[in-house]
Amino acid sequence: MRLELREINKRFPGVLANDRISISADRGQVLGLLGENGAGKTTLMNILSGLYKPDSGQILIDDEEHVFNDPAAAIRAGVGMVHQHFMLVPVFDVVEAVALGAETVSGPVGTFDRAAARRRIVELSEQYKLGVDPDARIESLPVGVRQRVEILKALYRHSDILVLDEPSAVLTPYETEELFTIIRSLTATGTTIVFITHKLDEVLEVADNIVVLRRGRVAGTADPKTTTRQQLANLMVGRDVELIVPKGPANPGDVVLSIRNLRVRDDRLEMAVDGVDLEVRAGEIVAVAGVQGNGQTELVEAITGLRTSDAGEITIGGVHVERANPRTVSDLGVAHIPEDRARDGLIAYMTVAENYILDTYHREPYSRRGMFDLDAVNAGAAKGVKDFDIRTPSIHTIAASLSGGNQQKVVVAREFSVPVQLVVAAQPTRGLDVGSIEYIHRRLVEQRDAGAAILIVCTELDEVLAVGDRVAVMFDGRIVGILSGEDATYENLGMLMGGATFGEGHAA
Amino acid sequence: MKRLRELLRKALVPTLSVLTAFILGGIVIIVTDFEHLSQLGTDPIGAVLGAIGGVLSGYGAMLAGAFGDPERIQEALRTGAPRDVATAVRPITESLVSSTPLIFTGLGVAISFRAGMFNIGADGQLIIGALASTIVTILMSGAAPSEVILILAIAVGALAGAAWGFVPGFLKARTGAHEVITTIMLNYIAALVVFFALRSDTLRAPGSTSPVSRNLTPIADVPTLLPLPGLRLDMGFIVALLMAVVVSWLLFRTTVGFELRASGFNLTAARYAGMSAGGSMMLAMALSGGLAGLAGAFLVLGTVGQLSIDLSGGVGFNAIALALLAGLRPSGVVLAALLFGALTSGGKTMNIVSGVPFDLLFFIIAMVIMFVAAPGLIRTIWRVRVPDPAPEVASVTPVAPSDPV
Numbered sequence: 001m002r003l004e005l006r007e008i009n010k011r012f013p014g015v016l017a018n019d020r021i022s023i024s025a026d027r028g029q030v031l032g033l034l035g036e037n038g039a040g041k042t043t044l045m046n047i048l049s050g051l052y053k054p055d056s057g058q059i060l061i062d063d064e065e066h067v068f069n070d071p072a073a074a075i076r077a078g079v080g081m082v083h084q085h086f087m088l089v090p091v092f093d094v095v096e097a098v099a100l101g102a103e104t105v106s107g108p109v110g111t112f113d114r115a116a117a118r119r120r121i122v123e124l125s126e127q128y129k130l131g132v133d134p135d136a137r138i139e140s141l142p143v144g145v146r147q148r149v150e151i152l153k154a155l156y157r158h159s160d161i162l163v164l165d166e167p168s169a170v171l172t173p174y175e176t177e178e179l180f181t182i183i184r185s186l187t188a189t190g191t192t193i194v195f196i197t198h199k200l201d202e203v204l205e206v207a208d209n210i211v212v213l214r215r216g217r218v219a220g221t222a223d224p225k226t227t228t229r230q231q232l233a234n235l236m237v238g239r240d241v242e243l244i245v246p247k248g249p250a251n252p253g254d255v256v257l258s259i260r261n262l263r264v265r266d267d268r269l270e271m272a273v274d275g276v277d278l279e280v281r282a283g284e285i286v287a288v289a290g291v292q293g294n295g296q297t298e299l300v301e302a303i304t305g306l307r308t309s310d311a312g313e314i315t316i317g318g319v320h321v322e323r324a325n326p327r328t329v330s331d332l333g334v335a336h337i338p339e340d341r342a343r344d345g346l347i348a349y350m351t352v353a354e355n356y357i358l359d360t361y362h363r364e365p366y367s368r369r370g371m372f373d374l375d376a377v378n379a380g381a382a383k384g385v386k387d388f389d390i391r392t393p394s395i396h397t398i399a400a401s402l403s404g405g406n407q408q409k410v411v412v413a414r415e416f417s418v419p420v421q422l423v424v425a426a427q428p429t430r431g432l433d434v435g436s437i438e439y440i441h442r443r444l445v446e447q448r449d450a451g452a453a454i455l456i457v458c459t460e461l462d463e464v465l466a467v468g469d470r471v472a473v474m475f476d477g478r479i480v481g482i483l484s485g486e487d488a489t490y491e492n493l494g495m496l497m498g499g500a501t502f503g504e505g506h507a508a
Numbered sequence: 001m002k003r004l005r006e007l008l009r010k011a012l013v014p015t016l017s018v019l020t021a022f023i024l025g026g027i028v029i030i031v032t033d034f035e036h037l038s039q040l041g042t043d044p045i046g047a048v049l050g051a052i053g054g055v056l057s058g059y060g061a062m063l064a065g066a067f068g069d070p071e072r073i074q075e076a077l078r079t080g081a082p083r084d085v086a087t088a089v090r091p092i093t094e095s096l097v098s099s100t101p102l103i104f105t106g107l108g109v110a111i112s113f114r115a116g117m118f119n120i121g122a123d124g125q126l127i128i129g130a131l132a133s134t135i136v137t138i139l140m141s142g143a144a145p146s147e148v149i150l151i152l153a154i155a156v157g158a159l160a161g162a163a164w165g166f167v168p169g170f171l172k173a174r175t176g177a178h179e180v181i182t183t184i185m186l187n188y189i190a191a192l193v194v195f196f197a198l199r200s201d202t203l204r205a206p207g208s209t210s211p212v213s214r215n216l217t218p219i220a221d222v223p224t225l226l227p228l229p230g231l232r233l234d235m236g237f238i239v240a241l242l243m244a245v246v247v248s249w250l251l252f253r254t255t256v257g258f259e260l261r262a263s264g265f266n267l268t269a270a271r272y273a274g275m276s277a278g279g280s281m282m283l284a285m286a287l288s289g290g291l292a293g294l295a296g297a298f299l300v301l302g303t304v305g306q307l308s309i310d311l312s313g314g315v316g317f318n319a320i321a322l323a324l325l326a327g328l329r330p331s332g333v334v335l336a337a338l339l340f341g342a343l344t345s346g347g348k349t350m351n352i353v354s355g356v357p358f359d360l361l362f363f364i365i366a367m368v369i370m371f372v373a374a375p376g377l378i379r380t381i382w383r384v385r386v387p388d389p390a391p392e393v394a395s396v397t398p399v400a401p402s403d404p405v
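Chains A and B supply the protein sequences, listed in that same order.
One point on numbering: in my numbering, the residue at position 47 of the first sequence is 47, and numbering is uninterrupted.
One point on numbering: in my numbering, the residue at position 97 of the second sequence is 97, and numbering is uninterrupted.
Please keep in mind that the hints were generated in silico from the structure rather than gathered at the bench.
Accuracy of the hints is not assured; some may be wrong.
As the list claims (entries may be wrong) - Label-pair distances were calculated between CB atoms; the ranges are: (1) D331(A) to G142(B): 50 to 56 angstroms; (2) P90(A) to E6(B): 23 to 29 angstroms; (3) L24(B) to G110(A): 33 to 39 angstroms; (4) G279(B) to R6(A): 56 to 62 angstroms; (5) R6(A) to A373(B): 37 to 43 angstroms.
Claimed, not checked - Calculated lysine to any residue pairs in the SDA-like style (CA-CA distance at most 20 angstroms, straight line): (6) K10(B) to P13(A); (7) K53(A) to I369(B); (8) K199(A) to R157(A); (9) K129(A) to R157(A); (10) K10(B) to S331(B); (11) K348(B) to G314(B); (12) K53(A) to R379(B); (13) K225(A) to S24(A); (14) K348(B) to A144(B); (15) K10(B) to R383(B); (16) K53(A) to L16(A); (17) K10(B) to G14(A); (18) K225(A) to E205(A); (19) K10(B) to I369(B); (20) K53(A) to G376(B); (21) K10(B) to T351(A); (22) K10(B) to G314(B); (23) K225(A) to E177(A).
Keep in mind that this is a model prediction, so the values were computed, not measured.
For every residue, glycine included, the Cβ atom is placed at its ideal position computed from N, Cα and C.
With the hints as constraints, model all of the structure from the sequences given.
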């Protein structure tokens, strides 16, 4: 079916989330909806799926106007939504999870006709090559398959228009490829797909037509056959973006962070960091690469004072911190950008200003003898918001209402608001859009050039190679190789990450 | 102006909750008014009117009991005699007297909740504070001027309450023992400690067989505010208001308060930011207990004048309700405590004058809390238009607001 949204307006307190947005997709087409976090993509899709009502504007399906008062109305009109966070009952099996809410019933008291439902699910699964086992329990399925169950759910409800909200956010690269295959088989049978994402490569690969949203408006449209990554990125952010931040050669100075034979246990008391030696010098960026779960988290926690180490030495600027608490480490001039910013880096229901001073509140000028100087706090936060281009209605807005990228900027702004000698950043750009990634990388390089030592932990090789001056590969609790310059290639890193040893790797 | 609108918006749900609870209370009075309802068959109109009249007279008596009887006020204005003035203002001063311990304990509960500690133990902390004050007063009797005894007794009462509150905080911080369990258990222990203490001849009222202490008034007495006969309103009320200011300052203007609130919202983030989460727990519980202890001290040294087992009358539990009603804001606690105080003192009059049982109050208070906890209900009933919350906020409602008022 043909989908068209005309002049959609939606206002939330303080923000115009959708400003006269018009998009359309023909039958069997994939419309790529591209935009940064907070550009209004999700709001638009919630309008399409009946969760929100637009303030004005029309929704047309096959040129007929529809008004969706609730999600059920949207489903009846043939719009199916696959949310970023899945809505599946974990203890149900696939048949039950898919049929839930749309059960076929039979018999005098209306019992659930499981056999009929199962037949249809198997049929759909085969038709679109979803490869879903109808009898498997949801909780036993990997994330990629659960997503296919969500797609199945929409198809089961006779959706001819399928909305996929950031579908690849939770998928591995291989699973993403599988998803694209499924999308192609769906469009081949006439399903219209709206594919929401902030990842450039994906829209270029899968979309027939691209609409870029920026700050609630349509910033432009593009044809994936003729457009480039760079053009899309510029359109998305509204200026020329550098996908790889330029940086000069590192100029390493004195050793700032020195780790000797460090051993750290994880929560299950197993040795997660098992004899790590590492040095980070002033003016260089050392990237720790590795598949997640090889001890990186524990390493970072040990450095920042959050976890007590079992054995070994850690010094920061010559000061031993094996037994230090987070406050002591932070007061040494260590910026810590935690992996899970929503859980560890921010207090969601405190204001931007309060979050901005979260680990410097006890110092001047923000407080003196335990009492806040609110003018100084507000002035500091206002400066941070301005310097770091944090998009927030006010410094007194609660952090939870900011977009992911802006939340991360609050964390980065805070950590860089005081002079630092060492930056420890864990997955600093995970889940961020190109504009924010460029921004964060630029700030990291800036700190490096200002003489800070930088340790970043990263699972994405692109990022490791883009920002790291030296790359340390972590495997099974050990640093198995440190590469720099020409040695640092995809192939070498990939090999080391898989556990192979690299003959010419330089020991630190 | 914007600030005022913001305040009104925040007060909307609590206000409508109170109103709705009173309307439902009225319905309860009507359907339990068997005297009038039994006439439904013979005289339906009279029966209904009579039942509604019952509601009006009940609520009328409550208002008069809470704020004063208009006739008596006119009388007082006419004669100007101290006795008449005292009679006229007694209801409203009694409302303030009832609200005083509620302000103290409500503030205490608000502090602990802000820090993420679900302190159910205000009642125990209150009675331990009262016990400590009583012991100090009786032991020091004659050994120092009464003003000195008074101040010392109040200070020791607050400290004892703080110590009693500190225990669950310490247990939680060090061993992870859940504060709901420990504070409830410490309530029992506190009550029994007081019971045992009152067996001693030193403390117990001479000649009394029931567990009540000697009368403390001759030894030390909190000064009353109005120089009129028979009015109990004393300095305790002023101290309670001061404490609201202090707590508000502490929570929103000091780094200690910042740490308390941060740990209450998100313990891991507070830890990442270098705060001592355990320290915040212990401090919040000690402050909370200290305020409850003050409530106990002012009860035995002022309002009541002696220690007894049932001194608190459930104040510590009402404090939880009113702290939630207040959105954990100190100014809100004062307002909610004034409301509860007025209800309590008005309810007694209602019972005496119109025969509507005092228990109706608990019904109304429970309804208020329920509506405040379920704001969606109030919005539906009263068709209050509220704009769609921004998408990121819509999915979760904050446990406690972060902004100072």
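In rising order, the numbers of the hints this structure does not comply with:
The structure breaks hints 2, 7, 8, 14 and 22; every other hint is satisfied.
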